[in-house]
Each structure stands twice: as C-alpha cells, then as structure tokens.
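J.: Here is what each chain is made of, one letter per residue.
Protein chains: 2
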Amino acid sequence: MPELRKDPVTGRWVIIAAEREKRPRQIGEMNDAARSEPCPFCAGNEAMTPPEVMAYRNETSPANSPGWSVRVVSNKYPALVDSDARIFAPDPIYESRYGLGVHEVIIESPDHVVNMGALGVEQISQILRAYRVRMRELTKDPRWRYILLYKNHGDRAGATLEHIHSQLIALPTVPAQAAGELNGTKRHYESTGRCIYCEMIERELRQRERVVLNSAHFVASCPFAPRFAYEIWILPKHHAAAFEQSSDQDILTLSSALQEIITRLNHALDNPPFNYIIHSIPPRETQSVHYHWHIEILPQIARAAGFEWGSGMHINSVAPEDAARLLRDVTV
Amino acid sequence: MPELRKDPVTGRWVIIAAEREKRPRQIGEMNDAARSEPCPFCAGNEAMTPPEVMAYRNETSPANSPGWSVRVVSNKYPALVDSDARIFAPDPIYESRYGLGVHEVIIESPDHVVNMGALGVEQISQILRAYRVRMRELTKDPRWRYILLYKNHGDRAGATLEHIHSQLIALPTVPAQAAGELNGTKRHYESTGRCIYCEMIERELRQRERVVLNSAHFVASCPFAPRFAYEIWILPKHHAAAFEQSSDQDILTLSSALQEIITRLNHALDNPPFNYIIHSIPPRETQSVHYHWHIEILPQIARAAGFEWGSGMHINSVAPEDAARLLRDVTV
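Line by line, the protein sequences give chains A and B. Straight run, no breaks: the first sequence in this note's numbering ends on number 831. Straight run, no breaks: the second sequence in this note's numbering ends on number 831.
Since the hints were derived computationally from the structure, they do not count as laboratory data. Heads up, some of the hints might be wrong.
Identical copies carry no separate label here, and so any pair may be met within one copy or between two of them.
[To be verified] Restricting the straight-line Cα-Cα distance to at most 25 Å, the calculated cross-link-like pairs of lysine to aspartate or glutamate (DMTMM-like) are:
#: 1; residue 1: K505; residue 2: E708
#: 2; residue 1: K505; residue 2: E701
#: 3; residue 1: K736; residue 2: D640
#: 4; residue 1: K505; residue 2: E636
#: 5; residue 1: K736; residue 2: E594
#: 6; residue 1: K575; residue 2: D821
#: 7; residue 1: K505; residue 2: D610
#: 8; residue 1: K639; residue 2: E661
#: 9; residue 1: K521; residue 2: D769
#: 10; residue 1: K521; residue 2: D583
#: 11; residue 1: K685; residue 2: E661
#: 12; residue 1: K736; residue 2: D828
#: 13; residue 1: K575; residue 2: E518
If you're wondering where the values come from, they're calculated on a predicted model, not measured in any experiment.
One chain only, chain A, in its complex shape (with noise of 0.2 Å):
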C-alpha cells in the first residue's frame, strides 16, 4: 500500500509506492515484447483498465465499451489510494502516514493520438470538460484539500504511456508547492489589496515582450522567472480563483487557446515533451480574492540536474523574452 513519508530535516513529503513498479511502458527504453502489446487506452481494450469512473459516450453505449470520446478510470498503478486512513505508529523522529488520496486518468481520445496538436477544439473542449466534472465531484469530498490535474507528455516529461492522457491526483493536505502560492498570493492580497495574477496579466499587457497570446478571455506568456525553458501560463484575463467554476464558454475559448499554444510549441521545438499543471484554488479556501487560476505547461527540453536537486533553484537557458519572441514568430 502506498505510503507518505516525511524526511525528517526538511520537512519534506514524498510518496513511496512500490505498486507503480509495475506499470507497463509504451514509450522510452523498453523491449520489443512490450512494444507490441496492446494499448490498455485505446477503444476496444476497455477490459484492460480499471472500470470508467464517468466517460462521455452515445447514448446507447454501455459503459466500459467503445463509444466514447473522453473517458476517466481510476489509476491502475494508483501513488495514492482512498481507503480507510490510518495514521501509523508514531516515531520520534521517522513519520508516516497512509497514502490516502484518489488517483484517476484522464483518456483523452478514444483513438491512438499520441499528440495534443493532433486534437480538435471540439474534443479539447471535451477534456477540459471531464477535468471540471471531476474536479467538481472531488471537491464535494471534505477530505481532500488539493486537487492536482496535470499532463506528462512524452518519456523526458515522465510519460509511460504515449496513448493522449492526464491525471488527476486528489490529496488530503495542501501540498508544499501550492502552499507556497497560497501564501504569496494572500501577502500580496494583504499588503495591497490586489491579485497579483491580476498585476502581472495587465504589466504582461502593456509590456507585450513576453505575451505568446492575447485572446478576448485568456492570456498565455512566458512568466518573468521561469524555471523551464519555453515554459508557458495560461490565465484567465478577468480574475477566476477556481479551474473548476469556469462556465461552458470560459471552457471553450481555453480550448482554442490551449490548441494554439501546443501547436505553436510544437512547430517552434519540434513536437517537445512537456508537462502541464492546472493550479486551481484549494477546494477548502474560504477566500477567492487573492488566488488566480492558471495553466502552466512546462516543455523539458534541459533537465533538472545536481545544481538543482542540491539548491531548489533552476537554471534556465532561454530568456523568457527570447522564448516568447520564438512561440509568437514561428509560422503555424
């Protein structure tokens, strides 16, 4: 059974789940045999995955068969699982806790797409619609405080399976990363009485040099200090605290939005590995004044390396100027 654990100098969270050993690989260094099995995503094989946490399908296809065009299971090879929690015994120094949590996937396309720019407005507006029923559903559970939908695209951004997919991770702490936006956004809420998503959007505005795209409801640019070469956000330009309440035209605009982006990463870098992160509110959160929800896709082009496993801090070798200049520039 999976297993938080916490390093006892830092402070630091990490999940130990033996279970994902076992996860099958279609994609980076793995034999011949393994190449030729059948893909667990694709429509058909539905057997192969665990039974469909909700799917969208005609109308007279039963679920757990083909018919569908979005669809979510739960995570075969789960980092974290719902069950009943117990704390473990206490230790002076060593603690640890179940590894309590929800870990589902999102099946983008029913067909063997292995690219995002591949997809069409229409069916990206399908996933990000299946993002919002769960993230929505989720939510009503009082015991998860964080609710992590994200994308590994391609073996350099941890991809196992090259078959079009997300996931969604549900925790029951806030976790260290989005704490630590948590607390920015509220100290600069406090000390100035304003988002600072809000500040950055209309600075990004006004300056242009790293605005990638300005559509009538979303913004996408390099940030000032990216950790990732060509790394991107997505905002929403009229402040929204919460992924999750979008309305069926936010959804929409996002999806052209998000098409254009990938299509532009994938012109510009010829098709790069990359993860995305959809940082939304924590479903607990009394307040929405100071928190701005966002999309971050990160291409991994360089790699984390001993400087910044040993520091925290990455290092960058693209400007975001350049990097922005580059994704608006190149021919689509």
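Given the structure of chain A, go ahead and fit chain B onto it with the hints provided.
T.: Just chain B, lined up with the frame of chain A:
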C-alpha cells in the same frame, strides 16, 4: 550576462543564463559531427577550456599542459559569473539581480574515463582533495554564502559531456534547499539539544534495514523518505558540519566508501545515471553543532513529472528498505 530572477508569487529564484545554450554536447541527442569533436576535458586539449584554477600535476609540467591528474577550470558556459555586482532597477513586482557567483568544473581524470567506478581509490581521493581545496579557498571570500559541489553523471542526470567531471557553484545567498535543511537541523537542535543526523545514524545502525555500507568512519544508507529510487546518503559517523574541514585520513576512507557505493550502484542497476551533491554547512554559519555534512547520491531512473513539478512532492516507486537490500546483496 546571467541574471537572477524572483518569481513574484512564490519567491522562488531562477537563474537565466542564455550563454549556456551554446554548450557542446558529447552525449544525449546530438549529431555525428558533434560526436566526433575532440573532448575538451582530455589531456592534451587544455587550450579548449578556460585557464586552470588549480591542478594536481607532476612538478615539471607547466600549467595548462598535460601532466595533471585532476584539473579545475572555470566553467566556459557559466550559470553565474564573478564580476562587479549591480542591483537591477527596482520594480514593484519583478525583482532581479545580476547573476553573481563562481562556476567551476573539476575534471576528474586526464584520460577519457566516463564512469567513476573505473577509478581507483587513490584517484577518487585526489578528486575529493581538489573539492576540499576549492571549497576552502572560496570560503575565504566573504561574498559567498553557499558552495554547492555536485556531479551530473549521464544524460538523464543532466550531463552534457561524458568525460568524468563535477561542478562547483558558489552563491551570494543560501539557496532554498540548503536553507530548509538548516532550519530543520536548528529546530531539532533547539528542541532536543542533538544533531538530527547523528540521531538518524544511530537509528539506522540499530535498525540496519536501510544500511548499505558500514565502515569505520562512514555509513551509507538509503534515507527514510527518499525523493529518488535507490537514493543513498553517505554520512561521517562522527559529528562534523563542514566537508571542507575533513582530514586527509577522512578523505581516504570516504574515497573507499564512495567507490564501493558507486560500484554497487553500477552492478545493481547497470550503470545508472546519477547526481551526487555534497551538503556542507554554509561558510558564514557561526554554529556547527546542529549540522552534519553528507553526500546525497541521487540515481535518475524515473523522472520528475507533472505531479512532482505541480506539488513539490516526489513519488518514489522503490521503498528504501528494498533498495538497500538490493544494494547490500549485489555481488561486486
């Protein structure tokens, strides 16, 4: 020129160093032309690097010529540079600084050796003595608040040249990762009067299940809450805060331990890519009772992915107890 930039929300600093984009590549994705380039780290090619900062060499050989066994040079593509520091123009939300620091490369063999496991204890000992010389020297400069010594071995661990080498970066501030460790050790010392690493060593030696090597002066064990599969820490058994204050005898026994651990990793995991990082107390810390220097060896087998970048938490699919058993039992 490199630049330090602060994320306005989280306060996280990044280094923007566009010069590094010009680095040559010996490994990973590259074309045949790059592969046939001469290696800048091999004896005879000294003119391909910046002039040497120090070298262990036979007495008759002049600087920057063959005749050396370990050679330290400035990094030709530095992440930070030692120059007159200037604060950038103040900005209400976007804080930046000139990228002040030192970035050196320790070339660990005159021959084109690509794996530390191929080196004898005497050569490893010379390498560690070179680390000590450079750390002692840089510690004298009051501008440097932290010195990070690290190795990137293999493409997945972020190396771009395969010829065996390590790197050293001196920083004008204590970075987040080190600050977190220091805060944790101080907090533990204040509440218990003890060094937490000393307590962990006692516990590991009593419990044994995570110990890989137990020599007279050093213990190597998989930590209780490792971020990476097969992560191993090497710690001196007797309390010591600064690596650079190690005696010649310490260095010699550490060299044996390091060689054995690298050999065990190579045999158990088929020459895995890895980083190692020397964690030593910052030069300007006045107290040393709470901190305990050590080496963290981080094999890079899985990849940090969307979950890790979005949460700050790592998922590790190999329990340290299982990792230690494999590394103990492997035939070397």
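J.: Each hint should be assessed against the structure and marked as holding or not.
T.: How the hints compare with the structure:
In this assembly of identical chains, the alpha carbons of K505 and E708 lie at most 25 Å apart only when taken from different copies (18 Å versus 42 Å within one copy). In this homomeric assembly, K505 and E701 come within 25 Å of each other (Cα to Cα) only across copies, at 18 Å, whereas the closest approach inside a single copy is 40 Å. Taking CA atoms no more than 25 Å apart as the test, K736 paired with D640 passes in neither setting, with 30 Å inside one copy and 47 Å between copies. For the homomeric pair K505 and E636, neither the shortest alpha-carbon distance inside one copy (29 Å) nor that between copies (36 Å) is at most 25 Å.
In this assembly of identical chains, the alpha carbons of K736 and E594 lie at most 25 Å apart only when taken from different copies (23 Å versus 42 Å within one copy). Proximity of K575 and D821 under a CA criterion of 25 Å is satisfied inter-copy only: 22 Å between copies versus 41 Å inside one chain copy. For the identical chains of this complex, K505 and D610 are neighbours neither inside a copy (41 Å) nor across copies (42 Å), given an alpha-carbon limit of 25 Å. For a Cα distance limit of 25 Å, the shortest separation of K639 from E661 qualifies neither inside one copy, at 32 Å, nor across copies, at 52 Å.
Only between protomers do K521 and D769 lie at most 25 Å apart by alpha-carbon distance; the minimum there is 19 Å, versus 31 Å within a single protomer. Within a single copy, K521 and D583 get their C-alpha atoms as close as 24 Å, which meets the 25 Å cut-off; across copies the closest is 53 Å, which misses it. Taking the shortest Cα distances, K685 and E661 never come within 25 Å of each other, neither inside one copy (39 Å) nor across copies (46 Å). In this assembly of identical chains, the alpha carbons of K736 and D828 lie at most 25 Å apart only when taken from the same copy (22 Å versus 58 Å across copies).
Only within a single protomer do K575 and E518 lie at most 25 Å apart by alpha-carbon distance; the minimum there is 9 Å, versus 44 Å between protomers.
The structure fails to meet hints 3, 4, 7, 8, 11 from the earlier list, while all remaining hints are met.
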